[in-house]
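Undergrad: Assemble chain B onto chain A, guided by the hints.
These protein sequences, in sequence, are chains A and B. At position 209 of the first sequence the residue is numbered 209 (my numbering), and the sequence of numbers has no breaks. At position 260 of the second sequence the residue is numbered 665 (my numbering), and the sequence of numbers has no breaks.
Hint data in this document are derived by calculation from the structure and do not stem from the laboratory. Hints are supplied without guarantee of correctness; some may be wrong.
[To be verified] Simulated restraints, written as ranges between beta carbons of each label pair:
#, chain 1, residue 1, chain 2, residue 2, range
1, B, 478, A, 82, 44 to 52 Å
2, A, 265, B, 519, 18 to 26 Å
3, B, 628, A, 84, 18 to 26 Å
4, A, 92, B, 428, 29 to 37 Å
5, B, 643, A, 279, 30 to 38 Å
6, B, 548, A, 82, 28 to 36 Å
7, A, 218, B, 638, 43 to 51 Å
8, A, 265, B, 628, 42 to 50 Å
9, B, 413, A, 92, 33 to 41 Å
10, B, 433, A, 270, 30 to 38 Å
11, A, 55, B, 433, 21 to 29 Å
[Stated by the list, open to error] To list a few chain B residues with every Cβ distance to chain A over 10 Å, as calculated:
#, residue
12, 409
13, 602
14, 614
15, 756
16, 761
No experiment lies behind these values; they were computed from the predicted model shown. Cβ atoms here follow ideal geometry from the backbone N, Cα and C, with glycine treated the same way.
Below are the chains, spelled out letter by letter.
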Amino acid sequence: MHGDEGDGPVTRPHVVLLGHGAERTGPPILLAHLVRGLAAGGRYDLSVLTARSGPMLAEYEAAPARALAVSAAREPLGRTAAALRQVGAGSAVGPLQDARRRQVARRLAPADLVYVNGATPPTADLLRALDPPPTTPVVVHVHELDVGLRINLGDEQRRDLFDRADRIVAASGAVARLLVDGHGLAPERITTCAEFVDVAALQPLPPDEARAAAGIPAGAPVIGGVGLLDWRKDPDHLLRAVHALRRSDPDLDPWVLWVGGDPDSDDGRRTAAEARRLGLEDRFRHVGHQDHPDRLLGAMDVFALPSREDALPLAALEAAATGLPLVCFRAGGIADLCDLGAGTTVEYPDTAAFARALADLLADPEARARVGSAARALVRAEHDTGVGVARIAAVIDAGLEGGRR
Amino acid sequence: MYLLQLLRDLDRSGLRITIVLLRGGELLADLQELAEVRVVGEPVDSAAALPGRLAEEPARLRARRAQLADLRDVDLAIVNTAWSIHALPWLPVPPARLVSVVHELGAGVADLLDRPALDALLASDRFVAGCGAVAGMLADDLGVPAERIDLIPYGVAQDGSDPVPVDRTQLDADDDAFLVLAAAVPDRRKAPDLFVHLAATARRRRPDVPWAFRWIGATEDDPRLADARTDRALLDAGDLVRFVPPTPALRTALAAGDAFVLTSRQDAFPLAAVEAALAGLPLLCFASGGIGALVEPDGGRLVPFPDLESMVDALVAWHDDPPGRTAAGGAARERARRHHDAADHARAFDRAVLGGLRGDRPAGAPA
Numbered sequence: 001m002h003g004d005e006g007d008g009p010v011t012r013p014h015v016v017l018l019g020h021g022a023e024r025t026g027p028p029i030l031l032a033h034l035v036r037g038l039a040a041g042g043r044y045d046l047s048v049l050t051a052r053s054g055p056m057l058a059e060y061e062a063a064p065a066r067a068l069a070v071s072a073a074r075e076p077l078g079r080t081a082a083a084l085r086q087v088g089a090g091s092a093v094g095p096l097q098d099a100r101r102r103q104v105a106r107r108l109a110p111a112d113l114v115y116v117n118g119a120t121p122p123t124a125d126l127l128r129a130l131d132p133p134p135t136t137p138v139v140v141h142v143h144e145l146d147v148g149l150r151i152n153l154g155d156e157q158r159r160d161l162f163d164r165a166d167r168i169v170a171a172s173g174a175v176a177r178l179l180v181d182g183h184g185l186a187p188e189r190i191t192t193c194a195e196f197v198d199v200a201a202l203q204p205l206p207p208d209e210a211r212a213a214a215g216i217p218a219g220a221p222v223i224g225g226v227g228l229l230d231w232r233k234d235p236d237h238l239l240r241a242v243h244a245l246r247r248s249d250p251d252l253d254p255w256v257l258w259v260g261g262d263p264d265s266d267d268g269r270r271t272a273a274e275a276r277r278l279g280l281e282d283r284f285r286h287v288g289h290q291d292h293p294d295r296l297l298g299a300m301d302v303f304a305l306p307s308r309e310d311a312l313p314l315a316a317l318e319a320a321a322t323g324l325p326l327v328c329f330r331a332g333g334i335a336d337l338c339d340l341g342a343g344t345t346v347e348y349p350d351t352a353a354f355a356r357a358l359a360d361l362l363a364d365p366e367a368r369a370r371v372g373s374a375a376r377a378l379v380r381a382e383h384d385t386g387v388g389v390a391r392i393a394a395v396i397d398a399g400l401e402g403g404r405r
Numbered sequence: 406m407y408l409l410q411l412l413r414d415l416d417r418s419g420l421r422i423t424i425v426l427l428r429g430g431e432l433l434a435d436l437q438e439l440a441e442v443r444v445v446g447e448p449v450d451s452a453a454a455l456p457g458r459l460a461e462e463p464a465r466l467r468a469r470r471a472q473l474a475d476l477r478d479v480d481l482a483i484v485n486t487a488w489s490i491h492a493l494p495w496l497p498v499p500p501a502r503l504v505s506v507v508h509e510l511g512a513g514v515a516d517l518l519d520r521p522a523l524d525a526l527l528a529s530d531r532f533v534a535g536c537g538a539v540a541g542m543l544a545d546d547l548g549v550p551a552e553r554i555d556l557i558p559y560g561v562a563q564d565g566s567d568p569v570p571v572d573r574t575q576l577d578a579d580d581d582a583f584l585v586l587a588a589a590v591p592d593r594r595k596a597p598d599l600f601v602h603l604a605a606t607a608r609r610r611r612p613d614v615p616w617a618f619r620w621i622g623a624t625e626d627d628p629r630l631a632d633a634r635t636d637r638a639l640l641d642a643g644d645l646v647r648f649v650p651p652t653p654a655l656r657t658a659l660a661a662g663d664a665f666v667l668t669s670r671q672d673a674f675p676l677a678a679v680e681a682a683l684a685g686l687p688l689l690c691f692a693s694g695g696i697g698a699l700v701e702p703d704g705g706r707l708v709p710f711p712d713l714e715s716m717v718d719a720l721v722a723w724h725d726d727p728p729g730r731t732a733a734g735g736a737a738r739e740r741a742r743r744h745h746d747a748a749d750h751a752r753a754f755d756r757a758v759l760g761g762l763r764g765d766r767p768a769g770a771p772a
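If we strip away everything but chain A, and leave its shape as in the complex, we get:
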């Protein structure tokens, strides 16, 4: 067992957690919940190593855990890499970046267990740089679905992660099914530990206060979403569904509130243009990134998740925890939650059915309250930090006790 470097032997196992970044997005936020939960038990020494720096590093340190990032830029040695590519020496970039990763990784004491948070190219690179001895157990926590695993990850990176992993944590049933059916992994290597949120920390504003903060009139019906504006999250599809809803049920006249992403980015401008094209510019509010998006959940009547695929997004869990009914495509883990009563699921990409599901909930306050209440109960029972951390701690403990498979 190892503790801080050079401080002599300690009895607590040293767990090194690897992450792709430290921005305020799903997996880094979940890692913060996990690190805080593990640290609270006082049974582990914790170190976090991320590929990119970001605001979550401070939260990891506060857990407390030692927190390091390889680079403040999107990739290690960003300027050097760009310059090398410009002069046609791109082949030198990979080895130099690997060297930089190894240099940072060496600042950590040897790990008793390595926990890889996310099956992504940066985490695969970090695991390779850390190069734990063959006797050190590795746990890979997979938050990704098909786009992440099949398209974003290279074959070699996928092999590096899955072959080296002694235990695999699936972020939802959908992820576990994909790992078994789509990637041929043995079911006994996989433990499903559903994503979780800190329910007690959620503080939605009162409805009309939240609406006012978003520039929406008091009492107006609001369909909301939270997330980046990228193609996978597909806020444009929500706009198309709301457009269809307004044609089929003009009396409902809902507003659309999207929290997250940058309105001035290319994606932000694209989404704004789609809203204009659909005649929704007067009913669409995009408030951009918020450090506390939960506050604006108070403005919403229904939470929409238009993602093409999403393992089990924390934003939707937070919305459900505050009692919002959900509408999503059958394209990830939230569908399982909806099947248990937290909302409505429709087949991707059936825009008309998505619109009908939204309309049905908007038009029926009793149904909204009933489904929202079920959503709240489900999240509190199965997706609160206490439950989630305990599940993952059990996997870590099993790894520490059992060593390599």
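TA: The following block gives chain B in isolation, referenced to the frame of chain A:
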């Protein structure tokens, strides 16, 4: 394509024509056969870093002006596409007369041009619009007086014959498939994403139909299709939707299909739809832009953007009613033949834009 076809069909006698292009391309050689061409480069990206612009622009401007220094006595400048107005200040002396041929709708004009460029465009003596949607945009959104706008319907080359369909294997489709075709560059405005969703919606609604959706105009590895390819994979629609490279024989390729669909978010008047009409296909489009003049009342269906369910209604109806489909395709073809012949467009353009020019100046003088 528009400029090339126009130059081919125009009576160029008595005119000295110089083409100033912002960039070259695959049609450059064809254009050079018809007139002298000068490629001067795109205007500097106003979003680029300021130090770079300041350092670069004076030299680029000098080079451009040097390329055009001899064009001092221009009787008529024709700006083809609103974006090309950027080249006007590079002429050593303003032209005696300026005519702008506008193909873009709102997003292509008011959103893309900065204020000085828009003002320069609006200073045109006359405007040519190829469809009512652009004419309406010029009048209603940009405040151009109606009497300065010539509405001259777009056209494509025609010889009156019916195209012989290519073998469907060239489109990677079976003979018994119900073959739905699109033809466009695969950018976001043309919406290949909605094309993939349309295919998935059609399959969900009528799984018994042997659907085949083919987008002509892009190779499978086109980087602009990365998202559409991923979506196709998520929907397990690899056989259902394919992307087919551009072909110079577009009309014969389209003739192998059963229906033509346009999922564009915005399109003034896509000439591919005219080609499809001449190939005898019924047309299915969103009710935006000017294509309605070709489609309505009986050449196909217009549906509100982005109502894919209504699009599928039309496709299913055509699948179930082959005579109705043929009748709609026939009506579209007749309308295309009557109203969208490139030769007619050139004659009308000559009358509206070039009228009097040849009489005013001796042959060989600059135009």
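Undergrad: Taking the hints in turn, state whether each one holds.
TA: Quick rundown of the hints versus the structure:
no., hint, result
1, B:478 / A:82: 44 to 52 Å, "holds (48 Å)"
2, A:265 / B:519: 18 to 26 Å, "holds (20 Å)"
3, B:628 / A:84: 18 to 26 Å, "holds (23 Å)"
4, A:92 / B:428: 29 to 37 Å, "holds (33 Å)"
5, B:643 / A:279: 30 to 38 Å, "holds (35 Å)"
6, B:548 / A:82: 28 to 36 Å, "violated (46 Å)"
7, A:218 / B:638: 43 to 51 Å, "holds (45 Å)"
8, A:265 / B:628: 42 to 50 Å, "violated (20 Å)"
9, B:413 / A:92: 33 to 41 Å, "violated (52 Å)"
10, B:433 / A:270: 30 to 38 Å, "holds (31 Å)"
11, A:55 / B:433: 21 to 29 Å, "violated (51 Å)"
12, 409, "holds (30 Å)"
13, 602, "violated (5 Å)"
14, 614, "holds (17 Å)"
15, 756, "holds (36 Å)"
16, 761, "holds (41 Å)"
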